[in-house]
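Asker: First to last, the sequence lines map onto chains A and B. Residue numbering for the first sequence is 1 to 320, as defined by the numbering used here. Residue numbering for the second sequence is 1 to 350, as defined by the numbering used here.
FYI, nobody ran anything at the bench for these hints, they're computed from the structure. For clarity, every value in this text was computed on a predicted model and none was experimentally measured. The reader is advised that the hints may include incorrect statements.
[Said to hold, decoys possible] Below, in silico cross-link-like pairs of lysine-lysine (BS3-like), each with a Cα-Cα straight-line distance of 25 Å or less:
| # | chain 1 | residue 1 | chain 2 | residue 2 |
| --- | --- | --- | --- | --- |
| 1 | B | Lys7 | A | Lys249 |
| 2 | A | Lys95 | A | Lys200 |
| 3 | A | Lys309 | B | Lys135 |
[Claimed, not checked] Each pair of labels, with its calculated beta carbon distance range:
| # | chain 1 | residue 1 | chain 2 | residue 2 | range |
| --- | --- | --- | --- | --- | --- |
| 4 | A | Gly300 | B | Leu208 | 50 to 56 Å |
| 5 | A | Asn122 | B | Gln229 | 35 to 41 Å |
| 6 | A | Gly148 | B | Val235 | 53 to 59 Å |
| 7 | A | Gly148 | B | Pro164 | 20 to 26 Å |
[Claimed, not checked] Rough simulated footprint, nothing fancy, chain B against chain A, three-plus residues with beta-carbon under 8 Å:
| # | segment |
| --- | --- |
| 8 | 45-57 |
| 9 | 95-102 |
| 10 | 170-184 |
| 11 | 288-299 |
Every residue, glycine too, gets a C-beta built ideally from N, C-alpha and C.
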Amino acid sequence: MSFMDILALIIPAAIVSAAPLIFTALGGVFSERSGVVNIGLEGLMLFGAFTGAVTIYYGEQFGLAGAAPWVSFVVAMIVGALFASIHAVASISLKADQVVSGVAINFLAAGLAIFLTKKIFNAGQTPVISQRISKSDIPFLSDIPVIGKLFFSNAYLTSYLAVFVALIVWYVLYKTPFGLRLRSVGEHPMAADTMGINVKKMRYVGVLLSGALAGLGGAVYVASISGNFTHSTITGQGFMALAAMIFGKWHPLGALGAALFFGLAQAISISGAQIPGLQDIPKVFLLIAPYVLTILALAGLVGRADAPKALGTPYEKGKR
Amino acid sequence: MQNNTNKMKFLVPLISVFLGLLIGGIIMLISGYPPIEAYAALFEGIFGGSYYMGETIRQMSPLILSGLAVAFAFRTGLFNIGVEGQLLVGWLAAVYVGIFVDAPAIIHIPLAILAAGVAGALWGSVPGILKARFKVHEVITTIMMNYIALYSTNEIIRNFMLAPGERTENVKESASLASPFLQELTDNSTLHYGIIVAIVAAVIMWFLLWRTTLGYELRAVGFNQHASQYAGINVSKNIVLSMAISGAFAGIAGSMEGLGTYQYMTINAGFTGVGFDGIAVALLGANSAIGVILGAALFGGLKIGALNMQAMAGVPTELVGIVIALIIFFVACSYLVHWLMNRVNRGGKI
Numbered sequence: 001m002s003f004m005d006i007l008a009l010i011i012p013a014a015i016v017s018a019a020p021l022i023f024t025a026l027g028g029v030f031s032e033r034s035g036v037v038n039i040g041l042e043g044l045m046l047f048g049a050f051t052g053a054v055t056i057y058y059g060e061q062f063g064l065a066g067a068a069p070w071v072s073f074v075v076a077m078i079v080g081a082l083f084a085s086i087h088a089v090a091s092i093s094l095k096a097d098q099v100v101s102g103v104a105i106n107f108l109a110a111g112l113a114i115f116l117t118k119k120i121f122n123a124g125q126t127p128v129i130s131q132r133i134s135k136s137d138i139p140f141l142s143d144i145p146v147i148g149k150l151f152f153s154n155a156y157l158t159s160y161l162a163v164f165v166a167l168i169v170w171y172v173l174y175k176t177p178f179g180l181r182l183r184s185v186g187e188h189p190m191a192a193d194t195m196g197i198n199v200k201k202m203r204y205v206g207v208l209l210s211g212a213l214a215g216l217g218g219a220v221y222v223a224s225i226s227g228n229f230t231h232s233t234i235t236g237q238g239f240m241a242l243a244a245m246i247f248g249k250w251h252p253l254g255a256l257g258a259a260l261f262f263g264l265a266q267a268i269s270i271s272g273a274q275i276p277g278l279q280d281i282p283k284v285f286l287l288i289a290p291y292v293l294t295i296l297a298l299a300g301l302v303g304r305a306d307a308p309k310a311l312g313t314p315y316e317k318g319k320r
Numbered sequence: 001m002q003n004n005t006n007k008m009k010f011l012v013p014l015i016s017v018f019l020g021l022l023i024g025g026i027i028m029l030i031s032g033y034p035p036i037e038a039y040a041a042l043f044e045g046i047f048g049g050s051y052y053m054g055e056t057i058r059q060m061s062p063l064i065l066s067g068l069a070v071a072f073a074f075r076t077g078l079f080n081i082g083v084e085g086q087l088l089v090g091w092l093a094a095v096y097v098g099i100f101v102d103a104p105a106i107i108h109i110p111l112a113i114l115a116a117g118v119a120g121a122l123w124g125s126v127p128g129i130l131k132a133r134f135k136v137h138e139v140i141t142t143i144m145m146n147y148i149a150l151y152s153t154n155e156i157i158r159n160f161m162l163a164p165g166e167r168t169e170n171v172k173e174s175a176s177l178a179s180p181f182l183q184e185l186t187d188n189s190t191l192h193y194g195i196i197v198a199i200v201a202a203v204i205m206w207f208l209l210w211r212t213t214l215g216y217e218l219r220a221v222g223f224n225q226h227a228s229q230y231a232g233i234n235v236s237k238n239i240v241l242s243m244a245i246s247g248a249f250a251g252i253a254g255s256m257e258g259l260g261t262y263q264y265m266t267i268n269a270g271f272t273g274v275g276f277d278g279i280a281v282a283l284l285g286a287n288s289a290i291g292v293i294l295g296a297a298l299f300g301g302l303k304i305g306a307l308n309m310q311a312m313a314g315v316p317t318e319l320v321g322i323v324i325a326l327i328i329f330f331v332a333c334s335y336l337v338h339w340l341m342n343r344v345n346r347g348g349k350i
């Protein structure tokens, strides 16, 4: 197996694995930049996966055919935002401990999704969907020598969408007044309040956006990778997205890079057995790599990562 | 005022449990299950005979220990979400000693439990050290350590301890907590001596926190790091120590599964959930030893009763998971409960 063959095997797989992580991590960026910790990403992603599987299944029944996955993405975003609103109410209006509330969201999403799956389908899992996002070669770009084969062939459209959304999030956060307000609320809410920014409103927007993007991440996972929803569909991808966000230093493009990197780690752990040289490395090292790397990143060994300053603290007007 | 806060300490959990069950009932109603029948089956599944009581108490022992682990960290201002991972390494360590060491029961059992505690303490102290040395928030590191524990323990079982059925051998009889006496007493339930270990651990936590200098220092750091620093307390040392002790409780919770309930360790596809339930138990128990025992009794009962609820009323066991999530949620939003109480009180007066 030549080096190019290995790359051709790994890189498309990495890009596929990364897409759900990218969406969810970008959601995390919105929430945490506004100053609200969102441990609940895992649960939001899980509920998005459930919503996606159900919507695609019924979409197929109603004859949506190839459009079913795309409809499911919209539905999963709305449902994700609604679900995240519980976390928003608790942590912003009711001043709950944001970490505890996030933990509750994770429990609630897991319980509710499987409860509803059992109720709707009388089984522990949804039926496998037939309308998936299909793999395709991008016209023209895939004809570019070397690069075309690696990056633009045999990949899902959702992966490119994920990269595109990352660019949009970067633009929104760093080039628009809205982004400045959102970030200011996460850094120094009192100063922002003094300048007439509605702290609570901005934080609600941040958390709802994180719910929408995490929901989308879950639905994309179902439509491109798993094909149905069971209790073991989302096991840790949401936390991995959280890790990607931190590894990417709370920056959309950093999160994009980290998610791609974690996607690579996942792809290698899935297809590593076929690659000479990697066959001998126990799979476990590749499985734990994203988590170990995140810990190292946080310890400052990969450069300092500074969280938004007001992260995790409820804002109370007039309190210093 | 003091009296009032004490009253709230009891009322918040009670109201949270009530609201959790209420909303659980509403969810059942909307999704077409009979809530009253379901809850009747649930409670019958907790109190309906000595077998159920035995199962509930058996379920309580790991929950008490994981609850103590979370509560201990909370008391010292830390949030240990890593109980799940510490439990897994503790479970593995206990089973390892249980299988590969030869000793009479009087030495073997304490040794296996000690191994679990030490393994959990070491695993827990990593986030502690990172927090003390690099100011890394323990919530993220403990979550990451959970996944590292899950994959690593599986790999170790797969490579060194594998028996048919994707699991390890059974532990030797001299390391087993199983008790024919307790089983007979409770109509052949799987009750084992672990509950004694759990209650002793609760007493130890209470004594350590409230009757020793170390406990005073740990609580002081939890209250106010800067003031403690100023008063000459070594904050870094206390953070590491607190996470280690918390991890030790979690590791011993793992030994309950390894030496008591299962007698072996499986290759786990996912987390056991016991560590996460510990968060709920600790929150509900207001981080006190006695509260943790009561909280564990509630959640242990709910988990066992859920099986009966599914059998009798056809309601999926996940409903109990939803109720537990809602209870955590309402405890976290104690502000809401305070506000509701004030509304009710004022309504009564005016």
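Asker: Now look at each hint and say whether the structure bears it out.
Answerer: Verification of the hints:
For the hint pairing B/Lys7 with A/Lys249, the CA-to-CA distance comes to about 44 Å; that exceeds 25 Å, so the pair is violated. The straight-line distance between the Cα atoms of A/Lys95 and A/Lys200 is roughly 11 Å, inside the 25 Å bound, and the hint therefore holds. Of the pairs offered as hints, the one joining A/Lys309 and B/Lys135 holds, with about 14 Å between alpha carbons and a cut-off of 25 Å not exceeded. For the pair A/Gly300 and B/Leu208, the supplied restraint of 50 to 56 Å is violated, since their beta-carbon distance comes to about 33 Å.
At about 59 Å, the CB distance of A/Asn122 to B/Gln229 disagrees with the hint of 35 to 41 Å. The hinted window of 53 to 59 Å between A/Gly148 and B/Val235 holds, with their beta carbons roughly 56 Å apart. Between A/Gly148 and B/Pro164 the CB atoms are about 49 Å apart, so this pair departs from the stated range of 20 to 26 Å. Coverage of the segment 45-57 of chain A by chain B is violated [criterion: at least 3 residues with CB-CB distance below 8 Å; count 0].
Chain B is given as covering the segment 95-102 of chain A, and this holds because 6 residues of the stretch bring a CB closer than 8 Å to a CB of that chain, at least three being needed. Given a C-beta distance limit of less than 8 Å, the hint that chain B covers the segment 170-184 of chain A is violated, as 0 residues qualify and 3 are needed. Look at the segment 288-299 of chain A against chain B: 7 of its residues bring a Cβ nearer than 8 Å to a Cβ of that chain, three or more, so the hint holds.
When held up to the earlier numbered hints, the structure conflicts with 1, 4, 5, 7, 8 and 10 and fits the remainder.
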